[in-house]
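**Student:** As a plain string of letters, each chain reads:
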Amino acid sequence: MKKFEVLGNKDTRSGFGDGLTELGKKNPNVVALCADLTGSLKMGDFKNENPDRFYQTGIAEANMIGLAAGMAIGGKIPFTGTFANFSTGRVYDQIRQSVAYSEKNVKICASHAGLTLGEDGATHQILEDIGMMKMLPHMTVINPCDYNQTKAATIAIAEHEGPVYLRFGRPKMPIFIPEDQEFVIGKALMLNEGTDVTIVATGHLVWEAVQAGEMLAEKGISAEIINIHTIKPLDEEAILKSVAKTGCIVTAEEHQMNGGLGESVAQCLVKNKPVPQEFVAVKDTFGESGTPAQLMEKYGLTKTDIVSAVEKVISRK
Amino acid sequence: MSKDYTIEELKDLATQCRRDALRMVHAVSSGHPGGSLGCADLFVALYFKVMKHDSSFNMDGKNEDMFFLSNGHIAPIWYSVLARSGYFEVSELATLRKINSRLQGHPATEEGLPGIRVASGSLGQGLSVASGVAQSKKLNGDDRNIFVLMGDGEIQEGQVWEAAMYAAHYKLDNLIGMIDVNGRQIDGDVEDVLSLGDLRAKWEAFGWDVMEADGNDMEKIVNQLEEARSNTGKGKPVMMLVKTEMGQGVDYMMGTHKWHGNAPNDEQLEDALGQLSSSLADY
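The listed protein sequences derive, respectively, from chains Z and D. Per the numbering used here, residue 1 is the first one in the first sequence, and the count goes up by one each step. Per the numbering used here, residue 1 is the first one in the second sequence, and the count goes up by one each step.
Accuracy of the hints is not assured; some may be wrong.
To spell it out: a stretch of chain Z is covered by chain D in this simulated footprint if at least three of its residues, at any positions, have a beta carbon under 8 Å from a beta carbon of chain D; those stretches are [claimed, not checked]:
hint, segment
1, 49-58
2, 96-110
3, 232-246
Mimicking DSSO-like on lysine-lysine, the simulated pairs with C-alpha atoms at most 27 Å apart in a straight line are [to be verified]:
hint, chain 1, residue 1, chain 2, residue 2
4, Z, Lys-2, Z, Lys-25
5, D, Lys-62, D, Lys-52
6, Z, Lys-245, Z, Lys-2
7, Z, Lys-26, D, Lys-138
8, Z, Lys-25, D, Lys-62
9, Z, Lys-134, Z, Lys-219
10, Z, Lys-283, Z, Lys-232
11, D, Lys-62, Z, Lys-26
12, Z, Lys-47, D, Lys-171
13, D, Lys-62, Z, Lys-47
14, Z, Lys-172, Z, Lys-245
15, Z, Lys-25, D, Lys-52
16, D, Lys-3, Z, Lys-47
17, D, Lys-138, Z, Lys-47
18, D, Lys-220, D, Lys-3
From the derived model, a few chain D residues whose C-beta atoms are all more than 12 Å from chain Z [as the list claims (entries may be wrong)]:
hint, residue
19, Thr-6
20, Thr-95
21, Ser-101
22, Arg-102
23, Tyr-166
24, Ile-186
25, Leu-199
26, Glu-219
27, Thr-232
28, Leu-280
Keep in mind the hints are simulated off the structure, nothing from the lab. Every residue gets a Cβ at the ideal spot worked out from N, C-alpha and C, and that includes glycine.
Next comes chain Z alone, as it looks inside the complex (with noise of 0.2 Å):
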């Protein structure tokens, strides 16, 4: 199992923020919005830069969703920020008819996802939103998995012409990709060559599954780690080429199970080549107010649980 050195200790909505100033100085056509949650996503740094290149817009994402989709017609490359809950499923009407359907250039850019959202609830922990985003046509699905890929992806997605969501967390999570990372959209970024099992994960579970790893090999367990920051298009070769090797998959993620990450590596398999698959999601509940660590310990969403889904699957081929 190769080694991962911890680079530091940052969330990933710094790497959104980040990402974006970045941007503000080299792209002058990059435009940002807020419902009124400046501070959580991280853009004060873009909005000091560029006073006339950012819009609050405040407590009202329908409204923000649709501003995008204008600036995008007048040449502008908008990003929006606000929980992922509100960049969602309260605008899946604004997204579906002037964003996608309308294949304008706006970047939904949400934080706050999942249940390490932690002690604000489930009314806010949102664990439906790459279902919701990945079922539109047009629509690319990022969830990058530390501040460094978060940063990354979110310069990335400025050049991608098309709508994007991009999706982070509020925790501080362990930074283990390096900054020089080449960051593609669509495509997997492999983590640890295995011959066992297949571990495909998005987002803040990916962490989780390089110390499965790490407990898989003490166990005599050789196992490949994938890491799936674009959900959609998702990169069915790399899935498909791992499990040719290994004969089985568990996917991880900070999501429901139906319409997450795992839903659509199962649809891979079952149109090409069927292995077994267990899921390591969010089983059709919803969270509840704790600490992010003790929700993902509550909600089955660890490193444990990783391993536990690796020996089940294993055990199935």
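Dock chain D against the given chain Z, drawing on the hints supplied.
**Tutor:** This is chain D only, laid out in the frame that chain Z set:
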């Protein structure tokens, strides 16, 4: 537009566009003739007289006036006016709502129909989009205007009022909103379905410069649109409350909400076309 149309010529065009809209919805036995007829004069005034626009069509509309239709269901009249002002061949009007057509039941961009910049039909979104375009025009130093039309029933949608606040806060004084005040919606009179109260007072309270307009009098609506434009650039977005009659020009379609979303049958079409004589040719 290069040609300077007289009021009589504009009226003749509006009559022809009404004929087009009726024949289009009749051919597929579906669509929305009522609001299309009511807004025919307004559309003709905008596209043939008031707006500076380029029918070769650029998505970004740089240095052009731009129009957005929020109540997308009156697409038939928009398609007719777009075709007759040169955006595409008038013969294509015959494809409305048919399979593989660029003329979708509600306006869309996927098929690449020139003149359409955003999909509409799910109501309440157009004012937000138009505000975003107006904002980008300001950022680009482009001083042309954005026109956006909404239905009066449509402004029951909450998003409209989010956009109303935004446009006033950001002083989008290059934006001209228009509400088709025909007093009718699918389930009946707006007043009975969900009354709008004092529209002028509402929009003024939201910080807009409000004026009333006569949407079915060509001379007046041309002048009122020019007046609206002269009111731009003064720190406030402009709202025109455009009084129209749903079904205008066809007696049995007027004074009722019943032709909001129903197409005429063969006999009804003949009757309607008999009431609309134009010197132009049908598609």
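**Student:** Now tell me if each hint is right for this structure.
**Tutor:** So, going through the hints one by one against the coordinates:
1. 49-58: As far as the segment 49-58 of chain Z goes, the hint holds, because 5 residues have Cβ atoms under 8 Å from chain D.
2. 96-110: holds (count 7)
3. 232-246: violated (count 0)
4. Z:Lys-2 - Z:Lys-25: violated, 36 Å
5. D:Lys-62 - D:Lys-52: holds, 11 Å
6. Z:Lys-245 - Z:Lys-2: holds, 18 Å
7. Z:Lys-26 - D:Lys-138: Holds - the C-alpha atoms of D:Lys-138 and Z:Lys-26 are around 21 Å apart, at most 27 Å.
8. Z:Lys-25 - D:Lys-62: holds, 24 Å
9. Z:Lys-134 - Z:Lys-219: Roughly 36 Å separates the two Cα atoms, so the pair is violated.
10. Z:Lys-283 - Z:Lys-232: Cα-Cα ~21 Å, so holds.
11. D:Lys-62 - Z:Lys-26: holds, 23 Å
12. Z:Lys-47 - D:Lys-171: holds, 19 Å
13. D:Lys-62 - Z:Lys-47: holds, 26 Å
14. Z:Lys-172 - Z:Lys-245: Judged against 27 Å, a Cα distance of about 35 Å means the pair is violated.
15. Z:Lys-25 - D:Lys-52: Given pair Z:Lys-25, D:Lys-52 is violated - Cα atoms ~35 Å apart, limit 27 Å.
16. D:Lys-3 - Z:Lys-47: violated, 46 Å
17. D:Lys-138 - Z:Lys-47: holds, 18 Å
18. D:Lys-220 - D:Lys-3: holds, 20 Å
19. Thr-6: The assertion about D:Thr-6 holds, with a minimum of 33 Å to chain Z.
20. Thr-95: holds, 20 Å
21. Ser-101: holds, 16 Å
22. Arg-102: holds, 15 Å
23. Tyr-166: violated, 6 Å
24. Ile-186: holds, 18 Å
25. Leu-199: holds, 20 Å
26. Glu-219: holds, 32 Å
27. Thr-232: holds, 17 Å
28. Leu-280: holds, 32 Å
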